[in-house]
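Engineer: Go ahead and model the full structure; you've got the sequences and the hints to work with.
Protein chains: 2
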Amino acid sequence: MRMSKGVEWAVHTLLNLAWVDHGRPVATAQLAAGHDLPGPYLHKQLQALVRAGLLESVPGARGGFLLARAPEAISMLDVVLAIEGDEPLFRCTEIRQCGLVGAECSGPDDFALPCAVKSALGRAETAWREALAAQSLADVGRATDEHAPNVGGAVRRALGSD
Amino acid sequence: MRMSKGVEWAVHTLLNLAWVDHGRPVATAQLAAGHDLPGPYLHKQLQALVRAGLLESVPGARGGFLLARAPEAISMLDVVLAIEGDEPLFRCTEIRQCGLVGAECSGPDDFALPCAVKSALGRAETAWREALAAQSLADVGRATDEHAPNVGGAVRRALGSD
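As given, the protein sequences belong to chains A and B, one line each in that order. Numbered by the numbering used here, the letters in the first sequence go through residues 43 to 204 in order. Numbered by the numbering used here, the letters in the second sequence go through residues 43 to 204 in order.
Heads up, some of the hints might be wrong.
A pair counts as met if it fits within one copy or between any two copies, since identical chains are not told apart.
[To be verified] Simulated pairs of lysine to any residue, SDA-like, Cα-Cα distance not exceeding 20 angstroms: (1) K86 <-> S178; (2) K47 <-> A90; (3) K160 <-> M43; (4) K160 <-> E172; (5) K160 <-> S99; (6) K160 <-> R171; (7) K86 <-> N192; (8) K160 <-> P101; (9) K86 <-> E98; (10) K160 <-> T135; (11) K160 <-> G144; (12) K47 <-> D128.
Calculated from the structure, these hints are not laboratory results.
Structural biologist: Pasting the structure below:
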């Protein structure tokens, strides 16, 4: 069980767009060159970010991608769900109701409430999502600026030219 | 990104062994019949639980599996790690150091500290792991007993006989 590489690519690309922030779209090829990523696969991730409302796509020869929201309004949860989808990590298939054990259960309340296994795993997943939701792209950018203040300038030099 | 079905199977099977708790091993075929699971694949999960020290395997004609620890000493994190392995959900591949952006970074501290993206995703993963670690097999069994008090008896009738 592991996130796709697309999450790392997406967060760094969003961060780069936040640093560049010159109001002009940046093309996929330029964004891909920023971290030596395969352009076509990065493009698929960028399209997923557009569908999730995190990026705006500008068509045309001078087109590309722009942040669709302020970095403060893009959470790590937004990015993970955009790339990975909104399926739960743990999916309960109600095996409690199957087989010999399920057949022996005859109380009216035996299956009335959610399975305690599902609830336990779900509580942990809620904690994960809340921690992702509590961290914005702006927070991550600020943390980088604090411990590596040259990086924002490096991104602007690498990606900010016409 | 999703957990394998094996996690649901493992937690329910461990719970069933906690309910039966008659000091005698229960065979894979009986455990599989408990929830109508495919025996060979369940057996692989049970072997993973043995390797993780959660189950004890007893060989022989009357052999099978027993809990290796008290239900209070088995956490949901123990089960998830036994089945899914101990890889992080988010694996940082240090793309920050690659490509045009990486080449433009020249400050001595640019890569001295962990990547802020890795740290942000890692904090959420820590929250998930802590929430899993805080819930024991005994807690999950107790929650089931509270809202569906017949289930423990049903498990003993289904799996507890010789």
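Engineer: None of the hints should be skipped; say for each whether it holds.
Structural biologist: Results of checking the hints against the structure:
{"no.": "1", "hint": "K86 <-> S178", "in the structure": "neither (22 angstroms within a copy, 41 angstroms between copies)"}
{"no.": "2", "hint": "K47 <-> A90", "in the structure": "within (14 angstroms within a copy, 27 angstroms between copies)"}
{"no.": "3", "hint": "K160 <-> M43", "in the structure": "both (17 angstroms within a copy, 17 angstroms between copies)"}
{"no.": "4", "hint": "K160 <-> E172", "in the structure": "both (18 angstroms within a copy, 17 angstroms between copies)"}
{"no.": "5", "hint": "K160 <-> S99", "in the structure": "neither (39 angstroms within a copy, 27 angstroms between copies)"}
{"no.": "6", "hint": "K160 <-> R171", "in the structure": "both (16 angstroms within a copy, 16 angstroms between copies)"}
{"no.": "7", "hint": "K86 <-> N192", "in the structure": "neither (29 angstroms within a copy, 50 angstroms between copies)"}
{"no.": "8", "hint": "K160 <-> P101", "in the structure": "neither (45 angstroms within a copy, 32 angstroms between copies)"}
{"no.": "9", "hint": "K86 <-> E98", "in the structure": "within (14 angstroms within a copy, 47 angstroms between copies)"}
{"no.": "10", "hint": "K160 <-> T135", "in the structure": "within (9 angstroms within a copy, 32 angstroms between copies)"}
{"no.": "11", "hint": "K160 <-> G144", "in the structure": "within (16 angstroms within a copy, 43 angstroms between copies)"}
{"no.": "12", "hint": "K47 <-> D128", "in the structure": "both (17 angstroms within a copy, 18 angstroms between copies)"}
Against the hints set out earlier in the document, violations occur for numbers 1, 5, 7 and 8.
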